[in-house]
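Working from the sequences, and respecting the hints, build out all of it.
Read top to bottom, the protein sequences are chains X and L. The first sequence begins at 384 in the working numbering and counts up one residue at a time. The second sequence begins at 384 in the working numbering and counts up one residue at a time.
None of these hints come from the bench; they were simulated from the model. Check each hint, because a few of them may be wrong.
Result set (DMTMM-like, lysine to aspartate or glutamate): computed pairs, CA atoms no more than 25 Å apart in a straight line [what the hints assert, rightly or not]:
1. K435/L x E882/X
2. K880/X x E442/L
3. K701/L x E745/L
The following label-pair restraints were derived from C-beta to C-beta distances [stated by the list, open to error]:
4. N438/X x R478/L: 47 to 55 Å
5. D697/X x T504/L: 36 to 44 Å
6. Q761/L x N483/X: 55 to 63 Å
Quick partial rundown of chain L residues pointing at chain X, CB under 10 Å, derived from the structure [said to hold, decoys possible]:
7. R385
8. L389
9. S433
10. K506
11. R534
12. E537
13. K672
Ideal Cβ placement from N, Cα and C applies to all residues, glycine included.
There are 2 protein chains.
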Amino acid sequence: MRISKLVGERLKEASSAANVKSHNFLLRAGFLKQVCNGIFSLLSPAQLVSLKIQNIIREEMNKVDGQEVLFPVIMPKEMWEKSGRYYSIGQEMVRFKDRNDHDMLLGMTHEEAAVHLCQNTIKSYDQLPFMIYQIQTKFRDEARPRAGLIRVREFTMKDAYSFHYDKEELKKYYQKVFDAYVRIFKRIGMKNFIAVKSDSGMMGGDVSHEFMLLSDIGEDSLVVCPHCDYKANMEVATSMEEKPVFKDEDLQEVFTGKAKTIDEVCQEMSIKPEQTIKAVCYAMVGDDKNTVVVFIRGDKEVNEAKLKRVLGKDVAVKDLSETGFVKGNIGCVDLKLPNTKILYDNSLQNLCGMVTGANKEEYHLKGVNVSRDLKAEQFYDLAKVKENERCPVCGKPVEIKRGIEIGNIFQLGTKYTKAMDMTIAMPDGSLANPLMACYGIGVGRALASVAEESCDEKGLVWPMSIAPWQVYLCPLRLDNEKVKEEAEKLEKQLQEKFEVLYDDRNVSAGVKLTDSELMGIPIRVVISPRSLENRQAEITIRKTGEKIMTELDKVEKTIKTIIEEQMGELCGK
Amino acid sequence: MRISKLVGERLKEASSAANVKSHNFLLRAGFLKQVCNGIFSLLSPAQLVSLKIQNIIREEMNKVDGQEVLFPVIMPKEMWEKSGRYYSIGQEMVRFKDRNDHDMLLGMTHEEAAVHLCQNTIKSYDQLPFMIYQIQTKFRDEARPRAGLIRVREFTMKDAYSFHYDKEELKKYYQKVFDAYVRIFKRIGMKNFIAVKSDSGMMGGDVSHEFMLLSDIGEDSLVVCPHCDYKANMEVATSMEEKPVFKDEDLQEVFTGKAKTIDEVCQEMSIKPEQTIKAVCYAMVGDDKNTVVVFIRGDKEVNEAKLKRVLGKDVAVKDLSETGFVKGNIGCVDLKLPNTKILYDNSLQNLCGMVTGANKEEYHLKGVNVSRDLKAEQFYDLAKVKENERCPVCGKPVEIKRGIEIGNIFQLGTKYTKAMDMTIAMPDGSLANPLMACYGIGVGRALASVAEESCDEKGLVWPMSIAPWQVYLCPLRLDNEKVKEEAEKLEKQLQEKFEVLYDDRNVSAGVKLTDSELMGIPIRVVISPRSLENRQAEITIRKTGEKIMTELDKVEKTIKTIIEEQMGELCGK
Chain X
384 MRISKLVGER LKEASSAANV KSHNFLLRAG FLKQVCNGIF SLLSPAQLVS LKIQNIIREE
444 MNKVDGQEVL FPVIMPKEMW EKSGRYYSIG QEMVRFKDRN DHDMLLGMTH EEAAVHLCQN
504 TIKSYDQLPF MIYQIQTKFR DEARPRAGLI RVREFTMKDA YSFHYDKEEL KKYYQKVFDA
564 YVRIFKRIGM KNFIAVKSDS GMMGGDVSHE FMLLSDIGED SLVVCPHCDY KANMEVATSM
624 EEKPVFKDED LQEVFTGKAK TIDEVCQEMS IKPEQTIKAV CYAMVGDDKN TVVVFIRGDK
684 EVNEAKLKRV LGKDVAVKDL SETGFVKGNI GCVDLKLPNT KILYDNSLQN LCGMVTGANK
744 EEYHLKGVNV SRDLKAEQFY DLAKVKENER CPVCGKPVEI KRGIEIGNIF QLGTKYTKAM
804 DMTIAMPDGS LANPLMACYG IGVGRALASV AEESCDEKGL VWPMSIAPWQ VYLCPLRLDN
864 EKVKEEAEKL EKQLQEKFEV LYDDRNVSAG VKLTDSELMG IPIRVVISPR SLENRQAEIT
924 IRKTGEKIMT ELDKVEKTIK TIIEEQMGEL CGK
Chain L
384 MRISKLVGER LKEASSAANV KSHNFLLRAG FLKQVCNGIF SLLSPAQLVS LKIQNIIREE
444 MNKVDGQEVL FPVIMPKEMW EKSGRYYSIG QEMVRFKDRN DHDMLLGMTH EEAAVHLCQN
504 TIKSYDQLPF MIYQIQTKFR DEARPRAGLI RVREFTMKDA YSFHYDKEEL KKYYQKVFDA
564 YVRIFKRIGM KNFIAVKSDS GMMGGDVSHE FMLLSDIGED SLVVCPHCDY KANMEVATSM
624 EEKPVFKDED LQEVFTGKAK TIDEVCQEMS IKPEQTIKAV CYAMVGDDKN TVVVFIRGDK
684 EVNEAKLKRV LGKDVAVKDL SETGFVKGNI GCVDLKLPNT KILYDNSLQN LCGMVTGANK
744 EEYHLKGVNV SRDLKAEQFY DLAKVKENER CPVCGKPVEI KRGIEIGNIF QLGTKYTKAM
804 DMTIAMPDGS LANPLMACYG IGVGRALASV AEESCDEKGL VWPMSIAPWQ VYLCPLRLDN
864 EKVKEEAEKL EKQLQEKFEV LYDDRNVSAG VKLTDSELMG IPIRVVISPR SLENRQAEIT
924 IRKTGEKIMT ELDKVEKTIK TIIEEQMGEL CGK
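Dropping the structure here:
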């Protein structure tokens with residue numbers, strides 16, 4: 384490829400909206416162009432990276448006996464009514480009517496299509512296990528697209544579905560794909576990634592894992608134990624309880640005046656937040672009438688993902704005006720209001736000597752004994768884990784990290800095969816719903832995540848395995864006949880062995896060198912009037928900055944060695 | 384791949400709806416599953432064929448310096464308003480509102496997106512020419528999907544867009560892509576295909592070609608001259624006129640009673656259809672009021688594509704009730720009705736002694752002299768070409784054939800760059816809209832077209848270049864330990880060199896051999912207790928039926944030779 388004809392500009396600055404490194408560099412290096420909110424066109428360099436990532440995914444899926452198929456993007460409502468998801472999924476799913484007034488949708492995921500494909504063609508347990516996968520465009524109408532390709536509305540995704548006749552065998556295969564995922568992320572050049580236990584969300588099922596690239600720009604909070612193997616998404620993370628012990632007293636009303644927040648009450652009463660019980664009020668989405676009140680220790684925060692699972696419904700913070708609640712003085716003793724659902728967090732169990740609101744203006748209660756004063760029939764795990772809480776496995780302090788979700792895998796069980804009535808004959812002749820698991824990787828997000836992790840102040844630094852080109856051939860002073868002749872000879876020679884981007888522009892050395900760094904091509908070969916005096920070329924390794932002066936006739940060999948070394952590192956060799 | 388785990392059944396019969404060979408075999412061989420009208424899932428064998436076709440297309444596009452990019456499937460209304468196509472394209476285009484109530488659409492083609500991508504990044508004539516292409520899912524809400532993958536609603540398409548600064552250079556590049564298309568179709572194994580001049584339709588522009596696979600199931604009629612190079616889609620085909628000469632007479636009313644159709648009138652008056660002038664009445668879509676009357680010689684048919692171009696509007700046959708027209712007696716002399724637009728076909732020019740309706744019940748006029756009696760200011764080319772009419776180039780009789788459209792290429796001119804205001808600096812410093820051309824190939828239709836052309840009574844016959852697997856390894860009597868051992872040894876050995884589908888089922892020889900033929904795998908290797916007595920395998924070439932008995936240790940070499948031979952043929956070697 385010659386850069387003069389390559390569509391896409393290299394820019395000094397990106398738009399101010401691109402405040403994430405990968406987004407900024409991908410825009411500035413001519414990889415992306417935004418079409419509208421959360422929708423991008425990929426220019427050729429990005430598409431070349433994407434195709435390489437796809438091929439690595441394909442190879443690893445084929446290694447675990449995956450069969451590549453292609454499901455339709457557009458599906459009829461009926462298919463999704465069977466699974467119930469036509470109604471349970473919200474606005475992220477695009478629905479429309481076709482020309483014959485049939486309800487159609489854009490598939491965000493393809494469990495239904497996978498069951499449809501296998502139903503009636505797979506009839507017996509001995510045809511299992513198998514896995515089918517596809518690499519395809521998906522559209523999810525995200526409320527808040529952000530960070531370039533990290534969170535978009537339209538993206539290319541690999542989604543895979545495996546079918547099993549018993550749980551043991553499902554677990555074994557799930558682990559095989561888990562291992563394949565580790566290989567994929569390593570091969571595409573990711574470094575700091577981990578797998579965490581996760582929430583199954585709209586997929587259903589019970590066991591699931593997310594692969595997370597650790598990154599400050601990640602949207603997910605992760606609880607990671609540095610002492611043992613415990614790693615979980617905040618949405619499902621737990622910790623060992625450490626109960627503070629306070630003196631058991633009688634209940635007593637205390638005048639607290641204008642003190643409303645936990646901090647204000649603590650200051651007023653000279654206590655610490657862990658001696659308070661706070662109320663956090665929610666509305667269930669689609670339900671204007673009822674209020675959900677979560678009582679939780681004052682030093683803790685409610686984990687809305689956990690609350691959502693307990694309620695089986697989406698929640699939003701409730702506006703308390705016109706509800707009868709005394710804002711800032713809501714308390715867990717004798718709270719009696721109509722249309723109120725009360726939940727107690729585990730952190731409250733067995734506490735005494737606590738402070739809570741008195742359910743009247745300007746007063747709190749002290750001496751609350753949870754066992755004595757609350758009518759709590761059940762406590763739930765509703766709290767977020769905090770830094771340094773004790774690991775639920777080994778009991779040592781955990782760390783909180785941020786991560787970008789780069790892949791997810793779910794054990795679905797029979798949720799879809801049951802709903803869609805797919806059965807297979809078992810060894811004893813009986814009919815059973817097969818078990819399923821599913822496995823996703825977003826290709827564009829993987830591209831952006833690698834870009835985010837592998838870059839420096841000068842620009843992108845593509846891993847050799849997925850670089851759009853391996854070599855940036857960069858002659859300086861193309862107005863010099865000798866340089867031009869040697870450069871074109873080298874272009875022809877190198878193109879036969881490697882992927883070469885040839886900088887054929889008559890622009891300054893500064894522009895050329897800066898562009899090569901911004902675009903992140905792993906190997907740069909510079910020839911100039913000066914280097915040609917000794918019949919040499921200067922080879923620079925983007926990743927390390929290392930420079931190697933090489934005889935012209937050894938350039939090919941040197942490049943080959945660098946490529947082999949870098950590819951070896953990516954495969955863990 | 385082992386066939387026991389391959390998702391997809393081989394069937395004795397397909398559903399009765401599959402009355403086209405390719406559709407029938409693709410269903411029966413386990414390549415396709417229908418999701419709903421015009422929407423299919425591709426099972427692994429079909430996806431493997433599709434990927435090979437995509438790679439051949441990719442290679443040939445890259446050879447003509449194409450840059451692979453990826454446009455979004457979903458685009459905002461605004462982009463398509465600029466080109467005017469948001470309104471001019473009908474129900475085939477899916478439109479919907481996103482969660483923020485923005486109007487969005489599913490792209491059927493990507494001229495707008497291509498201009499958007501290049502606009503502002505391509506600034507000067509010396510960055511041209513270039514071509515960008517993508518391979519992507521498209522959805523067109525076809526009114527009448529048919530014939531399996533031949534005409535569907537959702538499909539994978541390669542669409543390419545080139546940009547040029549002058550017409551000469553555009554033509555030169557257009558020819559390069561034309562040649563690349565010929566190579567693509569040859570390489571994927573198509574035999575009887577031709578390129579014809581075509582109608583530019585919704586794309587706009589003036590010069591365009593369609594690549595057509597000649598086939599009885601084709602939807603397009605093609606006019607082909609066997610004597611010279613003339614080939615055109617019926618929609619744009621012309622022929623040299625041969626004017627019949629009749630005696631010039633005075634106008635005279637003739638009682639024709641109930642004779643209404645051309646045949647009835649000819650019988651009543653003992654004349655031939657070419658002595659009559661018939662009226663064909665149309666409504667313009669979206670216009671209930673006006674009637675378009677086309678007068679044309681009685682032996683000819685109206686070409687609605689041509690009529691549409693003359694009117695600039697879609698047409699439908701008009702219901703004449705409540706219009707004042709005397710159905711069956713409409714004539715071209717003194718037809719005076721309000722809200723009527725009259726068009727005359729070229730075939731009428733200079734005729735005399737003709738018969739037409741008298742515009743009153745039970746009467747026709749004879750002795751019509753077109754120059755004398757008609758107020759025709761202009762004649763148009765509105766007729767369909769018929770078999771044996773004279774070629775417009777060489778004058779010899781043409782043939783009419785049917786074809787499946789397998790690709791199309793268009794010279795678009797400045798239609799889109801002008802509408803979207805994309806300009807480049809020209810050598811003289813002025814700004815100009817660049818010229819464009821676009822180039823499409825439907826991957827699924829290519830797959831189905833090859834299947835349609837390359838099959839026999841036993842099933843599919845895949846060309847080596849796109850076969851899902853090259854080798855069908857088919858041991859008979861797997862209950863025989865010796866067979867099993869040798870088969871698995873052979874599987875391991877062959878898999879390292881070739882793409883192998885291993886039939887590991889314990890089923891009858893008949894089932895295995897029939898399945899291998901139905902699936903159309905190019906090379907079948909059979910080993911059986913008998914063949915192993917001589918340490919031999921029987922190799923069968925699907926295409927020719929040729930059988931070769933080979934020593935076990937020469938199987939690999941024989942396969943290699945067959946593959947090389949067949950691949951050589953496909954590249955025209």
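- Item | Hints not upheld, ascending by number | 4, 6, 11 and 13
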